[in-house]
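Here the structure of chain A is known, so what remains is to put chains B, C and D with the ligands in place on it, guided by the hints.
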Amino acid sequence: MREITLSKAVNEAIAEEMRRDPAIFLLGEDVAEAGTPFKVLSGLVEEFGPDRIIDTPISEPGFMGLAVGAAMTGSRPIVDLMFGDFLFLIMDQLCNQAAKTHYMSGGKLTVPLVVRTNLGATRRSAAQHSQSLHALVAHIPGLKVALPSSAYEAKGLLKTAIRDNSPVVIFEDKLMYNDKAPVPEEEYLIPFGQAKILREGEDLTLIATSSMVQVAQKAADLLAADGISAEVIDPRTIVPLDEDTLLASVKKTSRAIVIDEGHQSFGVTAEIASRLNEKAFYHLDAPVLRMGAMDVPVPFTPALEDLTVPTPEKVVEQAKRLVAGDMIHAA
Amino acid sequence: MREITLSKAVNEAIAEEMRRDPAIFLLGEDVAEAGTPFKVLSGLVEEFGPDRIIDTPISEPGFMGLAVGAAMTGSRPIVDLMFGDFLFLIMDQLCNQAAKTHYMSGGKLTVPLVVRTNLGATRRSAAQHSQSLHALVAHIPGLKVALPSSAYEAKGLLKTAIRDNSPVVIFEDKLMYNDKAPVPEEEYLIPFGQAKILREGEDLTLIATSSMVQVAQKAADLLAADGISAEVIDPRTIVPLDEDTLLASVKKTSRAIVIDEGHQSFGVTAEIASRLNEKAFYHLDAPVLRMGAMDVPVPFTPALEDLTVPTPEKVVEQAKRLVAGDMIHAA
Amino acid sequence: MAAAKKKSNAEQYLRMYRQMMRIRVFEDNANQLYLSAKMPGLTHMYSGQEAVAVGICEALKTTDRITSTHRGHGHCVAKGGEFRPMFAELLGKADGYCGGKGGSMHIADQDNGNLGANAIVGGSAGIATGSALSAKRLGKDDVTVCFFGDGALGQGLLYETMNMAALWKLPVIYACENNLYGEYTKTEEQAAGDLTARAKAFGIETHIVDGQDVLAVNNLAQKLVERCRKGEGPFFIQLDTYRYFGHHVGDINREYYRPKDEETLWKTERDPLTNFAKWLSDEGLVTKDELKEIEAEVKADAEAAVNFALDADYPDASEVTKHVFAENPSGL
Amino acid sequence: MAAAKKKSNAEQYLRMYRQMMRIRVFEDNANQLYLSAKMPGLTHMYSGQEAVAVGICEALKTTDRITSTHRGHGHCVAKGGEFRPMFAELLGKADGYCGGKGGSMHIADQDNGNLGANAIVGGSAGIATGSALSAKRLGKDDVTVCFFGDGALGQGLLYETMNMAALWKLPVIYACENNLYGEYTKTEEQAAGDLTARAKAFGIETHIVDGQDVLAVNNLAQKLVERCRKGEGPFFIQLDTYRYFGHHVGDINREYYRPKDEETLWKTERDPLTNFAKWLSDEGLVTKDELKEIEAEVKADAEAAVNFALDADYPDASEVTKHVFAENPSGL
Ligand SMILES: Cc1ncc(C[n+]2csc(CCOP(=O)(O)OP(=O)(O)O)c2C)c(N)n1
Ligand SMILES: Cc1ncc(C[n+]2csc(CCOP(=O)(O)OP(=O)(O)O)c2C)c(N)n1
Ligand SMILES: [Mg+2]
Ligand SMILES: [Mg+2]
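Chains as they are written, first to last, in my numbering: chain A, 1 to 331; chain B, 1 to 331; chain C, 1 to 332; chain D, 1 to 332.
Calculated from the structure, these hints are not laboratory results.
Backbone N, C-alpha and C fix where the C-beta goes; we use that ideal spot for every residue, glycine too.
Take these hints with a grain of salt, some might be off.
[Said to hold, decoys possible] With a straight-line cut-off of 30 Å between C-alpha atoms, the simulated DSSO-like cross-links for lysine-lysine are:
no.	chain 1	residue 1	chain 2	residue 2
1	B	279	B	252
2	D	140	A	39
3	B	279	A	279
4	B	314	A	251
5	A	39	D	267
6	A	320	B	314
7	A	314	D	288
8	B	108	D	267
9	A	108	C	169
10	A	251	B	252
11	D	288	D	6
12	B	180	C	38
13	C	7	C	292
14	A	314	D	322
15	B	279	A	252
16	B	39	B	218
17	D	292	D	38
18	C	38	A	108
19	D	299	B	108
20	A	180	A	218
21	C	278	C	223
22	C	61	C	299
23	D	6	D	230
24	A	314	A	218
[As the list claims (entries may be wrong)] A few chain D residues that face chain B, going by a derived Cβ cut-off under 10 Å, partial list only:
no.	residue
25	111
26	265
27	266
28	270
29	273
[Claimed, not checked] One-sided excerpt, in silico: chain B residues whose CB lies under 10 Å from chain C:
no.	residue
30	62
31	85
32	305
So here's chain A without its partners, still in its complex pose (with noise of 0.2 Å):
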């Protein structure tokens, strides 16, 4: 199969969709002629013209209320944010508006849109460009959120996002935009609320989101190197959740690591292994580890940014304990 990067899926997923339906349009900073500062959406402004790749002003709450109304009177829009830390500018109209409207409205109003944006950190972008903030969106009701890990992922999410008659955010790691992965030429989606299973392994789990999951794949290679057999899997989306498939897996290994890129502390990993812990208590010979990004706003200084994420190593590491049997607390 073809392999192609992650910002290629992107550009394809927006233009088949944009093919089929002419009420999907984009809009954001720099998204037409200069194709975001990421380059992911080169020529899509040359086949859809400036009307439906938009360029707007530096106005994020502002084009993000614009999609809303637009959403809310047959549009489809897809709003660009450049940075997933602008989602601090944009929450009033997504969270008060887009994620209620259709709650608040009786089911009378929709408001199909899709934001997509970015997390990620070792990019030596600072506190303010660098972070993973997928948990906050994902606390409040009536937002989907979903989470890449490929190529090949972040295309069959993004397609079914833009099928979606609710609000969805769908984060791109920063880093993954270059990394290429094999991706039929021919259409699919990826339904939402469906876990993939990377590696199958019995000793333990490793539940890894967006840019963890190449960490927990490595991980579960140089366990496997040490003879531990680590089953991998990717949540894909945290709203929906797969339970079902995390909790099998979990009563399978008896042994679970949640790894996820976004502040540890009431982030993602606190809610996917309360889950686990709730509904697969007695099967656990331990308790479901956690590892989040540290709780600390990004350092700039590599020497200290690359100590806030979590590493293959530092998996390896916690898996060790976790099968040694060596979380026995003090009583």
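Same frame as chain A, but now just chains B, C and D with the ligands:
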């Protein structure tokens, strides 16, 4: 001891601190003559004048931004945010600026400010005036988060918040403004990060925040009548979180329910439950249970709204299942 | 205006009068429901501002859209809303426009082009502007009116969206209802400079009109709506008006922020219904009896609707988890 | 200007020239560090806009404050920043202004009144305005200057804060650096209407000045700063200027959005350093050799600072958890 309302307690806390330190001022919408729509600040503008109790335009992002700048330059602002739901409007200034400035500047700039706001549903105020959004700010490193559960707590925690050199968000429960509690005449502060054991018990631990403390206490009463002894703990601040007190209790009782009025998924109950599971796993006789608000926008109609939040009866029901060992899941 | 023109417009005038009366009566009933503790929560009444909503909405087609505010009953009625589902919504009943889930501050009436009240001040500026963008992109000539209060001028969102509306020539009309107060604060204490200059700065054509004069409002609105349809938008209108009650039903003692004689002056000298009724009679377009009849009909309608709403059922408990997400086509 | 005045000002002029040269040379070195892969991440260069930062900051006292942008090196130097801690910060070293934690986009220099660069476009409008409020409340006559680009005019926050600044007569100057582009988009495609009208709407006095003419900028700034101190603020200045490099160091192929000859024109005809140097020579205030000497000194300084920064240590790993929260007085 005299009893005063939570509203009065807040008013006293601000007045006492403003008398002590001229660097403190307060700003927000209709805080001066009107004393806020909840009348919490009545009388303050008369004592401190309109230069220290400042009525702003309806510009939440803007006045939050002003507070950040004022805090960096020798003032100690208190931001009055009329409804907790408006946090979505100030997230950028609060989370990208206030929370990160001290860290990003390597400790050179400090941002001593307090955001006073509220939480809680069942006031028939519908989806945009009923949210409990404290989990969102708790996820952002650099912010402290206080959740007073009575007039006594409100006064002591707010005074501490005002003296803290970091940004603090303090949430009052809208339904509690007229609730009275004993509050000493003498000055007192309540240190952050020290949970309070409100009731000792043997059979299980109820960990409850803010509005849910009363719910937990009523549940404990009902349980006592049935011969079940519940320990009730109020963490008071969720950042910092007093893990030690919570862990000690759970190690003693071997069972716990975490109760909080934020949405359940990706919320406060997940963080607390997963920490307990992780650090007291081998002491637990059953999984830690979570009771948050339903994952739905808050509906207007009383017929539905009341279903969305934990009640003493629902807590009792879960507690009994827990104590009965009724949690074993199918393999 | 030529006498002939007036006659031929008589039907339209009477409809405007009736619509204003419907708002006035709706609010009086809402207040009664609050005072008798039959309505959950609080509500913000539109009484006094009727000529604004009616003057503008009478210039709109059903497919034209509006966005509304926390003070939204007037816009809802004016855009074609019915009493029964409105009262039912205020009481949280299943037959309400939003099945009881929205309540007064979120009343929406999609079929009549009302995209909803909004409990975030200024929160609908984006929605209205996006609705206009949608119409333009989809090749429809529908116009969107964004209603908001003077207080919403404090919100930055409005400036962001006006800038985009101006850049892209969107068919949207920003209708600023300047009722002199935002909650308990005077407009001049909240808004520096000149109100209309804030739209002019973006190159938007602005107008100021007496919001108590339904004909003045309607004439202006008709012109601007037609120009919007032709691609000459956006526009900004400042409508000077007054709310008769407090900020919300519970705001009773308001002398500390608003003098009694100011209230009296507006109610006696500038009431949109009284003055329009007088004009209609003076011009011989209606008799006193006809006016009384309209009022009586509207009141009877309202009473029936209130009773309907009081008797209606609350939504079933199972509704609580419905509509969090929209339904999807099969295969998704 | 009278010859006597000019002579007596010569020292100040030369300091302005030197400061502009320091910015120019700083940026050339930063670019070199990027090209040689010694600097982590990207950076946005201020080259071409030197007269703006220097003209304004030379009118300020140390206790006056500024807020800066993603393109912040120029403001930092102009407000008194030193090369060593600046380069060290860019390289993420412990000796940097922020101990390496902030980097280029968050460089701050509290001691000289620089409240920091900001990676959120428009994000410092509140901070600057709050700093002015703080000064006023605490009875100090310090003025705050808020630097921002034309692109930041898209952000609603700016309008909210200008409204409050105007209402409360705060000692703040909004300095809009109009360099014709925001990233890869022309200003006129992002900003409808007239730029200064956006401040005038709030009753703020506005000025437009040639941002390549350091004396014009400085004269205006001196007047406005003094008037601010007397309580006559706020003010808004549009400074027309140009950035020589791409949006950031990596923006090399930019012909698709910005014509080459436009760049050439600004660099050759309107360069703030060249033109100021010429004026200084023409007026007999400096010799060619003196100018060369200044340049050589600055370059030597920069080289030494770069070497210092390259040799400096990274922060210790233990720093990563420090400064999340500020230290508290004992007993809290
Ligand atoms: C974002 C936001 N801030 C504050 C409020 C509280 N609030 C409700 S109505 C109102 C005043 C609005 O004034 P205006 O826009 O003039 O409308 P009016 O009530 O006069 O019709 C305020 C401050 C809110 N609902 N939303
Ligand atoms: C809120 C926000 N939106 C978008 C960006 C990405 N961005 C960085 S600089 C920039 C352009 C800013 O233009 P302008 O304000 O004119 O400053 P200039 O770069 O021209 O100096 C953009 C869009 C950002 N950093 N912050
Ligand atoms: Mg008003
Ligand atoms: Mg620019």
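Kindly indicate which numbered hints from before are broken by the structure, ordering the numbers from low to high. 2, 6, 7, 8, 26, 27, 28 and 29
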